Amino acid sequence: MSDEKITIDVLTLDSVQCAACGYMMESIAAMPKDVQDMIVYKEWSIKNQDSVAKFQELGGRVLPTICIESDLVFESIIPQYEELIDEMAKRAPSQEIKDRLISLREVGFNFDDLAENLEKAGSGMSTRTDSKRS
Amino acid sequence: MAKQMLIDAYRGKKTAKAPWVPYAGVHCAFLIDEPADKMLKDPELLAKGVVHTAKRYKADGIPLVFDLSVEANAAGCSLKWWGDNVPSVSNHPCSKMQSPREAGLGLPTKDSGRWPVLFEAARIAKPQLEELDCALMGLFCGPLTLASHLAGVRIFTDVYKNKEFAAEVCKFAGEVGAKSAEFYAEMGCDIIANVDPVASQIKAETFREFVTPNSQAANKVIKDAGLTSSFFICGDATKVMEEVCKIGTDGFAIDEQMNMNFIRDLALKHGVGFGGNLKLTLALSLGLLSPREDAIVSLAAGGQHGYTFAPG
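Protein sequence lines correspond, in order, to chains A and B. Numbering follows my numbering, in which position 114 of the first sequence is assigned residue number 114; successive positions increment by one, without gaps. Numbering follows my numbering, in which position 185 of the second sequence is assigned residue number 185; successive positions increment by one, without gaps.
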């Protein structure tokens, strides 16, 4: 399988304080293991100064927003599982990844590794103005 | 400080000036130099934080807590605690498509979860707020947000693909919300608000199907108690604002992402109160805008007919 991954940026107010932001993050973190292997994602809380720069770089318009490969895809709408798969597949870096994603369209969310996946994405960890992002 | 003026504004009436509510939440902990988790678990500290904040900001009303995990926790969800934030819900008992009953969840009682802490904090804070002529506000987790806590993010797929399951979870969430409204009424809250932030992230027809009907039980509890109701929504709620105005509460509150002129005109059209929308992030948190100028803009747009000045 290709090493290339799909980059997902979630622009939030703060996924702990804001429930809508939290469930935007969770929609990615609850993707099944096979999808997790094909994506890399991060929370960008606008309370953090580094994230403001990211928000501007991506041209964010509303919070929360899910950006896939730098496209503003889900703006103030928490996506359905299949919608997320379809939008990721459209932006897959190779036909192989696209085909694999489409084959996972019926699998559905998996909550088993949620806490670990959220932590990996820095969820709720950079919500102060002076927090530094890696 | 002017409790009655706030109640009038929340009910969509004209007021001599715009009343003001700081939705302080865990900011109260910061102001009394305590960690958020410690304050939220300790009724004396919580009451101290709320009363101190009401005095400090000369508030016309203040929420006891602004914490949407209370209902989920009382119904059976676990929490992850933070020192500088509200707790977050860390498991979803209905995530494998069990109904709330199948998952063993029951309606909360006054002894469930953190309700004893809130009852005790309200008992301490209420007379002090009365002396300040400041309204005590009870905020409960709205049906779709609570359904998300119970079932996880899948609920946003289930509202289209598994409607029966989604309806069952949202119905239970609405019943839990009505219990919360009862508890807040018993505590002596003057205003009780249904806070459903994720309701901005769905289509208007989904709102009509899952949020509106499951808010009616709480509306009735508040109305029967002779109290004032509101519906709080966050984010870019443009697509559901007509539904928010028609949900049956005395008013609503929105956040910084909404245009106040649009909101004012909508509220006046429907004869309901409205609140907002001092920019929480751009002005108050990041300082990218002058909070003073932002406040002037909000106050000018809001006017004095059913408007409450508040952070958004």
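Hints were generated in silico from the structure; no laboratory data involved. Hints should not be assumed to be uniformly reliable.
As the list claims (entries may be wrong) - In the DSSO-like style, the derived pairs of lysine-lysine whose C-alpha atoms are separated by at most 30 Å in a straight line are:
1) K13/B <-> K110/B
2) K14/B <-> K41/B
3) K42/A <-> K96/B
4) K120/A <-> K96/B
5) K269/B <-> K14/B
6) K90/A <-> K3/B
7) K47/A <-> K96/B
8) K98/A <-> K5/A
9) K98/A <-> K42/A
10) K5/A <-> K96/B
11) K58/B <-> K41/B
12) K98/A <-> K47/A
13) K14/B <-> K90/A
14) K55/B <-> K3/B
15) K33/A <-> K90/A
16) K239/B <-> K54/A
17) K220/B <-> K47/A
18) K203/B <-> K54/A
19) K161/B <-> K47/A
20) K163/B <-> K13/B
21) K269/B <-> K98/A
22) K163/B <-> K55/B
23) K38/B <-> K90/A
24) K33/A <-> K80/B
To be verified - Using C-beta positions, here's what the derived DEER-type ranges look like:
25) L268/B <-> Q95/A: 51 to 57 Å
26) T7/A <-> K203/B: 25 to 31 Å
27) I296/B <-> Q95/A: 34 to 40 Å
28) T7/A <-> A300/B: 53 to 59 Å
29) K120/A <-> L268/B: 34 to 40 Å
30) S103/A <-> G303/B: 28 to 34 Å
31) L288/B <-> D86/A: 31 to 37 Å
32) L289/B <-> T7/A: 29 to 35 Å
33) E119/A <-> N162/B: 26 to 32 Å
34) L72/A <-> L288/B: 17 to 23 Å
Computed from a predicted model, the values in this text were never measured in an experiment. The beta-carbon is built from N, C-alpha and C at its ideal position, and this holds for glycine as well.
Structure-based check of all given hints:
no., hint, in the structure
1, K13/B <-> K110/B, "violated, 34 Å"
2, K14/B <-> K41/B, "violated, 39 Å"
3, K42/A <-> K96/B, "holds, 26 Å"
4, K120/A <-> K96/B, "holds, 23 Å"
5, K269/B <-> K14/B, "holds, 14 Å"
6, K90/A <-> K3/B, "violated, 54 Å"
7, K47/A <-> K96/B, "violated, 34 Å"
8, K98/A <-> K5/A, "holds, 11 Å"
9, K98/A <-> K42/A, "holds, 21 Å"
10, K5/A <-> K96/B, "holds, 28 Å"
11, K58/B <-> K41/B, "holds, 25 Å"
12, K98/A <-> K47/A, "violated, 34 Å"
13, K14/B <-> K90/A, "violated, 52 Å"
14, K55/B <-> K3/B, "holds, 13 Å"
15, K33/A <-> K90/A, "holds, 20 Å"
16, K239/B <-> K54/A, "holds, 26 Å"
17, K220/B <-> K47/A, "violated, 38 Å"
18, K203/B <-> K54/A, "holds, 28 Å"
19, K161/B <-> K47/A, "violated, 35 Å"
20, K163/B <-> K13/B, "violated, 39 Å"
21, K269/B <-> K98/A, "violated, 49 Å"
22, K163/B <-> K55/B, "violated, 47 Å"
23, K38/B <-> K90/A, "violated, 46 Å"
24, K33/A <-> K80/B, "holds, 23 Å"
25, L268/B <-> Q95/A: 51 to 57 Å, "holds, 55 Å"
26, T7/A <-> K203/B: 25 to 31 Å, "holds, 28 Å"
27, I296/B <-> Q95/A: 34 to 40 Å, "violated, 56 Å"
28, T7/A <-> A300/B: 53 to 59 Å, "violated, 42 Å"
29, K120/A <-> L268/B: 34 to 40 Å, "violated, 47 Å"
30, S103/A <-> G303/B: 28 to 34 Å, "violated, 56 Å"
31, L288/B <-> D86/A: 31 to 37 Å, "holds, 35 Å"
32, L289/B <-> T7/A: 29 to 35 Å, "holds, 30 Å"
33, E119/A <-> N162/B: 26 to 32 Å, "holds, 29 Å"
34, L72/A <-> L288/B: 17 to 23 Å, "holds, 20 Å"
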